[in-house]
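2 protein chains.
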Amino acid sequence: MGSVLNVIKIGGNVIDDEEQLHIFLEKFAALQGKKILVHGGGKVATRTAAGLGIEAKMIDGRRVTDAPMLDIVTMVYAGLTNKKIVSLLQKFDCDALGLSGADGNSIKAVKRPVREVDYGYVGDILVDSVNTLSIKKFLEAGFTPVFSAITHNGLGQLLNTNADTIASALAVSLSKIYDTRLIYCFEKDGVLRDVNDERSVIKSINPDEFEALKSAGVIYEGMIPKLDNAFHAIGKGVKNVYIGNALNLHLYQQGEFGTCMLAK
Amino acid sequence: MGSVLNVIKIGGNVIDDEEQLHIFLEKFAALQGKKILVHGGGKVATRTAAGLGIEAKMIDGRRVTDAPMLDIVTMVYAGLTNKKIVSLLQKFDCDALGLSGADGNSIKAVKRPVREVDYGYVGDILVDSVNTLSIKKFLEAGFTPVFSAITHNGLGQLLNTNADTIASALAVSLSKIYDTRLIYCFEKDGVLRDVNDERSVIKSINPDEFEALKSAGVIYEGMIPKLDNAFHAIGKGVKNVYIGNALNLHLYQQGEFGTCMLAK
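The listed protein sequences derive, respectively, from chains A and B. Going by our numbering, the first residue of the first sequence is number 171, and it counts up by one from there. Going by our numbering, the first residue of the second sequence is number 171, and it counts up by one from there.
Check the hints yourself; a few may be wrong.
Repeated chains share a single entry, so a pair holds when one copy, or any two copies, can fit it.
[Claimed, not checked] Each computed PhoX-like pair below joins lysine-lysine, with the alpha-carbon atoms no more than 25 Å apart: (1) Lys307 with Lys346; (2) Lys261 with Lys281; (3) Lys358 with Lys384; (4) Lys384 with Lys396; (5) Lys434 with Lys406; (6) Lys307 with Lys261; (7) Lys306 with Lys261; (8) Lys406 with Lys307; (9) Lys358 with Lys197; (10) Lys409 with Lys306; (11) Lys434 with Lys346.
Honestly, the hints are just simulated from the structure, not real lab data. Model, not experiment: these values are computed from the prediction.
Here chain A stands alone, though its shape is the one from the complex (with noise of 0.2 Å):
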């Protein structure tokens, strides 16, 4: 197996907090070895949507993408927040690379077909969507790939992708090559066995335990899709998934780092 790679994602929380944002920017930076970075949106898309009197449309708290709001996101994600990162990371002296899947072919999507609900430009990723060649080419080159959640079709379409879904494929196909794990970083210390304690924190969740957990409501709502994605990519080779609080990123490499996710 050949060396370790961190595929690390933020969501808008940190995205939406400049002083938040530089803080764990750095702490990425900080971190050794290869690694990738994926970032969600933040609600810079929807401000600007409605800046521009585009209204954002949600079904089931997922976004409608119509041809405008494909417009919007493809701004928003990938031009000023991956710019934005992309130059902070510069700054602290990390080689970073901004790219959506159209750049470099790096992640072909398909887009979802319509069923009872028409998501608009919204792509789904495949097994075989990762372009695990062109991403090694940066990362052997030294460079910190930074992924916005645009994708493309291969035909000239961009396609709004979930971000979650992103990382988990692209730490599932680079673990083909690379000793993968995969860091979801969001507002909570981890898995907190109790809501409102923020030292409850769950060190580590086997399946059996996630399904012990979900039974007893532990686990709920907008976690178990997260966690679905966690053990889902455990099961396709991705070495351990980590959740935790970006801003404690620094933890990760004492091995401090959140709730790892478990294969057993």
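Chain A is already provided as a structure; the job is to place chain B on it using the hints.
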């Protein structure tokens, strides 16, 4: 001397016309050998800014880039326009890689000093602005860099930078490694002896002829800085500089494209 490199710049007129953009990109994709595309902005930035209630400020034909306008041009140039171009090039089997100057630390600029006019977050390119090592890595790995006109200062600040100047700086710096040609695409078939006659293209111009054509008023206004840039590049190692119609790019490798600027 190494292999041939073509650095090609397109402006807003092509970018703003979806049909023309497709035609141009298909021709660009078909161009053999190593190549770099540099694109300017177009009207989308101004339109987006207007939609958001931000007024575009111009002084002597140059955009004044205050903080909100920097966000807009970063969104539009490095996001929407860049990723649209990259995804279309991928469709045409060109392995495009969209870049700002921050990505791979490719182009570092210096914020223009405030003298009579404060241009805001505008970046000036210096002699050592271009990171030829990074760009060589991309080219040698088989990627086609596509640069938007956004750079950074290495300290976390993005900067709006003139696309003609970026193209010229890239060509000059990379001429130390590659047998480099620079091609400015615009809406005319070349430098015209008679502005009303598209067939009056001047085949070649040397520096003496340039001076004579300026004195005679044949070359005037916006063409002067373009050709100044061109002759500057030739003086610094670029093999040839061409100026011609984006839609005629297929004629380039037949030696039939636009006006060629000669060293002597």
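Results for each hint:
1. Lys307 with Lys346: both (15 Å within a copy, 24 Å between copies)
2. Lys261 with Lys281: Classified as between: cross-chain Cα gap 15 Å, same-chain 36 Å, threshold 25 Å.
3. Lys358 with Lys384: within (18 Å within a copy, 66 Å between copies)
4. Lys384 with Lys396: Answer is within: at 13 Å inside a copy they meet the 25 Å cutoff, but 65 Å across does not.
5. Lys434 with Lys406: within (13 Å within a copy, 63 Å between copies)
6. Lys307 with Lys261: both (23 Å within a copy, 21 Å between copies)
7. Lys306 with Lys261: Answer is both: 24 Å inside a copy and 22 Å across each meet the 25 Å cutoff.
8. Lys406 with Lys307: The answer is within: 23 Å in one copy meets 25 Å, while 32 Å across copies does not.
9. Lys358 with Lys197: This pair counts as within: shortest intra-copy Cα distance 17 Å, inter-copy 51 Å.
10. Lys409 with Lys306: within (18 Å within a copy, 34 Å between copies)
11. Lys434 with Lys346: Classified as within: same-chain Cα gap 20 Å, cross-chain 56 Å, threshold 25 Å.
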